[in-house]
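Starting from the given sequences, assemble the full structure and let the hints guide the process.
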Amino acid sequence: MNQKLEQILYRVQKPGRYIGGEKNSVVKKREIPIRFCMCYSDLYEVAMSNLAIKILYELINNRDDAWCERCFAPAPDMEQEMRAAGLPLWALESGDPLREFDVLGFSLQFELNYSNILQMLDLANIPLYSKDRTEEDPLVVAGGPCAFNCEPVADFFDLIMVGDGEEVMMQLLDLYGACKKEGIGRAEFLRRASELRGIYVPSLYTVAYEGAHTVSILPEKKVERTWIPDLNRTFMPENPIVPIIQVIHDRVSLEVFRGCIRGCRFCQAGMIYRPARFRRAELLNENVRRQCRSTGYDEISLLSLSTSDYPEIVPLIDRLTEWTCPRHIRLSLPSLRIDNTPDELLEKIGESKKAGLTFAPEAGSQRLRDVINKNITEEDILSTCAAAFERGYTSVKLYFMLGLPTETDDDIRAIAELGQKIVNLYYASPGKQKGKGVSVGISLSTFVPKPFTPFQWEPQLSGEEIDRRQRLLLDSITTKKISVSWNDKRISVLEAAFARGDRRLSAVLEHAYRAGARFDAWDEYIRLDLWDEAFRACGIDPVAYGKRAIELEEVLPWDMIDAGVQKSFLLRENQKAHEGVCTPDCRTACSGCGMSVWKGGPCFD
Numbered sequence: 000m001n002q003k004l005e006q007i008l009y010r011v012q013k014p015g016r017y018i019g020g021e022k023n024s025v026v027k028k029r030e031i032p033i034r035f036c037m038c039y040s041d042l043y044e045v046a047m048s049n050l051a052i053k054i055l056y057e058l059i060n061n062r063d064d065a066w067c068e069r070c071f072a073p074a075p076d077m078e079q080e081m082r083a084a085g086l087p088l089w090a091l092e093s094g095d096p097l098r099e100f101d102v103l104g105f106s107l108q109f110e111l112n113y114s115n116i117l118q119m120l121d122l123a124n125i126p127l128y129s130k131d132r133t134e135e136d137p138l139v140v141a142g143g144p145c146a147f148n149c150e151p152v153a154d155f156f157d158l159i160m161v162g163d164g165e166e167v168m169m170q171l172l173d174l175y176g177a178c179k180k181e182g183i184g185r186a187e188f189l190r191r192a193s194e195l196r197g198i199y200v201p202s203l204y205t206v207a208y209e210g211a212h213t214v215s216i217l218p219e220k221k222v223e224r225t226w227i228p229d230l231n232r233t234f235m236p237e238n239p240i241v242p243i244i245q246v247i248h249d250r251v252s253l254e255v256f257r258g259c260i261r262g263c264r265f266c267q268a269g270m271i272y273r274p275a276r277f278r279r280a281e282l283l284n285e286n287v288r289r290q291c292r293s294t295g296y297d298e299i300s301l302l303s304l305s306t307s308d309y310p311e312i313v314p315l316i317d318r319l320t321e322w323t324c325p326r327h328i329r330l331s332l333p334s335l336r337i338d339n340t341p342d343e344l345l346e347k348i349g350e351s352k353k354a355g356l357t358f359a360p361e362a363g364s365q366r367l368r369d370v371i372n373k374n375i376t377e378e379d380i381l382s383t384c385a386a387a388f389e390r391g392y393t394s395v396k397l398y399f400m401l402g403l404p405t406e407t408d409d410d411i412r413a414i415a416e417l418g419q420k421i422v423n424l425y426y427a428s429p430g431k432q433k434g435k436g437v438s439v440g441i442s443l444s445t446f447v448p449k450p451f452t453p454f455q456w457e458p459q460l461s462g463e464e465i466d467r468r469q470r471l472l473l474d475s476i477t478t479k480k481i482s483v484s485w486n487d488k489r490i491s492v493l494e495a496a497f498a499r500g501d502r503r504l505s506a507v508l509e510h511a512y513r514a515g516a517r518f519d520a521w522d523e524y525i526r527l528d529l530w531d532e533a534f535r536a537c538g539i540d541p542v543a544y545g546k547r548a549i550e551l552e553e554v555l556p557w558d559m560i561d562a563g564v565q566k567s568f569l570l571r572e573n574q575k576a577h578e579g580v581c582t583p584d585c586r587t588a589c590s591g592c593g594m595s596v597w598k599g600g601p602c603f604d
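According to numbering that gives the first Met the number 0, the sequence shown is numbered sequentially starting from 0.
To be clear, the hints were calculated from the coordinates, so they are not data collected in a lab. For glycine and all other residues, C-beta sits at the position ideal for the given N, C-alpha and C. There's no promise every hint is true.
[As the list claims (entries may be wrong)] The calculated lysine-lysine pairs, modelled on DSS-like cross-linking and capped at a C-alpha distance of 27 Å, are:
(1) Lys435 <-> Lys488
(2) Lys480 <-> Lys433
(3) Lys431 <-> Lys420
(4) Lys435 <-> Lys420
(5) Lys220 <-> Lys566
(6) Lys488 <-> Lys396
(7) Lys546 <-> Lys479
(8) Lys420 <-> Lys396
(9) Lys28 <-> Lys179
(10) Lys431 <-> Lys488
(11) Lys221 <-> Lys488
(12) Lys435 <-> Lys546
(13) Lys435 <-> Lys479
[To be verified] The calculated label-pair distances, taken between Cβ atoms and stated as ranges, are:
(14) Glu237 <-> Lys435: 35 to 43 Å
(15) Arg366 <-> Gly515: 40 to 48 Å
(16) Ala84 <-> Lys28: 48 to 56 Å
(17) His212 <-> Glu321: 53 to 61 Å
(18) Ser193 <-> Ala268: 22 to 30 Å
This is the structure in structure tokens:
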């Protein structure tokens, strides 16, 4: 262990974040041709819960010519100690400084982690802007969901991968290894990389502005996102790292399918990961058994955007419960649909260690559920809750969104009314457990307009209006059986600005970072005053990004990205939302989103 690191560890909280040495971590020889560091701009506890990192870490380390290590954002107390000691940021496996690596790969998971990207580069003594880096600096690359509008951070990255990362990462490392062997420099490598599908090299594009609008993006070449048609043939991790301290999701994560058959109009993931692609149940069962053996975990989480839409969900649960129940391994299904969670599935889950059920109605009234294309009814919600209560469940958590387009006060009150109906349903249930009360949790998030959704043009509420609607909901609840939680409105307002932002925000981001902005997604760390000053200093109005209704004909900052979903489809869905007209799911009828063009035929038979 580095002597400077050893001297400061006892002065920081959770030193286990910074020492490595976990079970299943990989150590190779330093002389290996390609040294890659997977970087995540949040704390260890968050980063080690991320499935993409687990996949790419093991996938890259399966190569003979590459060694993938990890580095995560140090907490404020650790950053202070590092700066005082002159200790540059290092990788967990080798302890080597990040400057000694060939490639640093950042995961763009959330807009409010952006200030920590600058923190990590700065602590590693790597120039923040790609234009300032030389042949002696590592390549700084990125991927993840925020890559679909990476413009606010585009100036900081050499290249950005858009779409499914497994195959394009391998192609990129192949190209890098060949260029390094031939002595080809940075500029030519980037030019060649830009020819790969899914690779966006921001330095090759010129952006011009007029007022609040993006008016041109040159050259006009579109970057097509990568996607894997058959997940059954793609890599699945078998030996994930077991964290050395408690992390947020301390369990085996099993991705049952990617994409979504639904068309919720606020949901970016449901659009950018189309079409839905399913893994076979027997393949999932075999993989998760190997993961449990290699880690010792006693909980398995089935991950997808809508787990109950998985065609083989009941057969899969049958297979899993055969061996998980005798071993007291718990099954978690965090993304169930209210309208298609069969009674049989509730029964099967109940054979495992029982926990509360989680559903996402998103809106309290039927009118607003039709606007957002949720395609569920109140009868669906109540019948599913009734079936759960009959089987002994006593806890239900419901996710709702505040500030959706066309939302009224009546829609807010409908959330409270729906919660009360569920409470009443429990006490009328024949399966009600004697001496046990019901718990209905309402989790409230604020609507953020996201790129590549039908609501990408819609405005976000002001902070004052968010406060008013939150108070209205609280005032409408009359029982202690219902609890309400919500995220900080300041976080949502800032998130909206960076979700729809352009390259002008890089100056704002740097200014806020230099002033001390860190961990902006954390209530205990966010400093909204720093962001207000940064926007003022740069002469930029954040309202122009988040709270402004974008004209439908405007050129958007992310228009150089082709996500497969056509803008004409998004416009049609926006119009249907304002008309309160629903669109059926992809298995029921094709809605003509554009993905069938890429597939060369229908997404579903």
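We went through each hint and held it up to the structure:
1. Lys435 <-> Lys488: Violated, because 34 Å separates the two Cα atoms, which is more than 27 Å.
2. Lys480 <-> Lys433: Within the cut-off at roughly 16 Å; holds.
3. Lys431 <-> Lys420: 15 Å, holds
4. Lys435 <-> Lys420: Holds - the C-alpha atoms of Lys420 and Lys435 are around 18 Å apart, at most 27 Å.
5. Lys220 <-> Lys566: Measuring from Cα to Cα gives roughly 16 Å; hence the hint holds.
6. Lys488 <-> Lys396: With a Cα-Cα distance of about 21 Å, the restraint between Lys488 and Lys396 holds, given a limit of 27 Å.
7. Lys546 <-> Lys479: The given pair, whose Cα atoms are some 34 Å apart, is violated under the 27 Å limit.
8. Lys420 <-> Lys396: With a Cα-Cα distance of about 14 Å, the restraint between Lys420 and Lys396 holds, given a limit of 27 Å.
9. Lys28 <-> Lys179: Given that 27 Å is the threshold and the Cα spacing comes to 18 Å, the pair holds.
10. Lys431 <-> Lys488: Distance ~37 Å between Lys431 and Lys488 Cα, so the pair is violated.
11. Lys221 <-> Lys488: 35 Å, violated
12. Lys435 <-> Lys546: 45 Å, violated
13. Lys435 <-> Lys479: 14 Å, holds
14. Glu237 <-> Lys435: 35 to 43 Å: 40 Å, holds
15. Arg366 <-> Gly515: 40 to 48 Å: The hinted range 40 to 48 Å holds for Arg366 and Gly515, with Cβ atoms some 44 Å apart.
16. Ala84 <-> Lys28: 48 to 56 Å: 28 Å, violated
17. His212 <-> Glu321: 53 to 61 Å: 59 Å, holds
18. Ser193 <-> Ala268: 22 to 30 Å: Given a distance of about 26 Å, which is inside 22 to 30 Å, the answer is holds.
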